[in-house]
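Position chain B against the provided structure of chain A, taking the given hints into account.
Chains as they are written, first to last, in my numbering: chain A, 82 to 195; chain B, 90 to 205.
Be aware that one or more of the hints could be misleading.
[As the list claims (entries may be wrong)] Within a straight-line C-alpha distance of at most 20 Å, the following computed SDA-like cross-link-like pairs (lysine to any residue) qualify:
#1 K130(B) / N84(A)
#2 K130(B) / E86(A)
#3 K123(A) / V92(B)
#4 K130(B) / L192(A)
#5 K130(B) / T168(A)
#6 K187(A) / S132(B)
#7 K187(A) / H93(A)
#8 K123(A) / W99(B)
#9 K153(B) / G105(B)
#10 K139(A) / S99(A)
Worth flagging that the hints you see were computed from the coordinates, not collected in a lab.
No experiment lies behind these values; they were computed from the predicted model shown.
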Amino acid sequence: ILNVEQSPQSLHVQEGDSTNFTCSFPSSNFYALHWYRWETAKSPEALFVMTLNGDEKKKGRISATLNTKEGYSYLYIKGSQPEDSATYLCAFMIPGDSGYALNFGKGTSLLVTP
Amino acid sequence: GAVVSQHPSWVICKSGTSVKIECRSLDFQATTMFWYRQFPKQSLMLMATSNEGSKATYEQGVEKDKFLINHASLTLSTLTVTSAHPEDSSFYICSARAQVTNQPQHFGDGTRLSIL
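For reference, chain A alone in the conformation it holds in the complex (with noise of 0.2 Å):
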């Protein structure tokens, strides 16, 4: 099992506040790099796919960046709102003996308070 490491495991920030999590992973054999956010009582949702060095995506007020290489990648939620308090889930995707499969870190539990 490869370790994924998220940091940190929670935050508490206030609306309006500009809020980044990490998320570490080996940096060989890299294939992908998923986010996925994960509110309490549904199912994850996925943020992002990312699977070049140096790629940035963006969803409104979320984006990641990614760094291979050196086996991290950024996730920043600018302007934070309250309805952004989630888990937020990196997982990395291996090869495995069925394809390629996720393995997933902690997460990082965001609270957003007004």
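Then chain B, alone, in the frame of chain A:
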């Protein structure tokens, strides 16, 4: 967006019971489906990968006779926890992916399994 339905969402049953969990892709054909388990404060751990019409591939440490996976169609996969015991109590969640590997996985809502 792509929708995956997982059911039931919550099960409580006695030790020794077998429990079946269904995972359905509602609006796309899921060539590959994945089953994960999550213990408290831990990450989602992949249990097995199943491709439609093939036997599932299990991760190391996951007993295939204990966790029976069937992926008989492009829209349905089932996980049966056979003769469940309290240590099988966990959160089980499925995901599905269409044919292209670099597409995101689409998750069900998960099943909370409690074995008494």
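Against the structure shown, which of the earlier numbered hints fail to hold, in ascending order? Violated: none.
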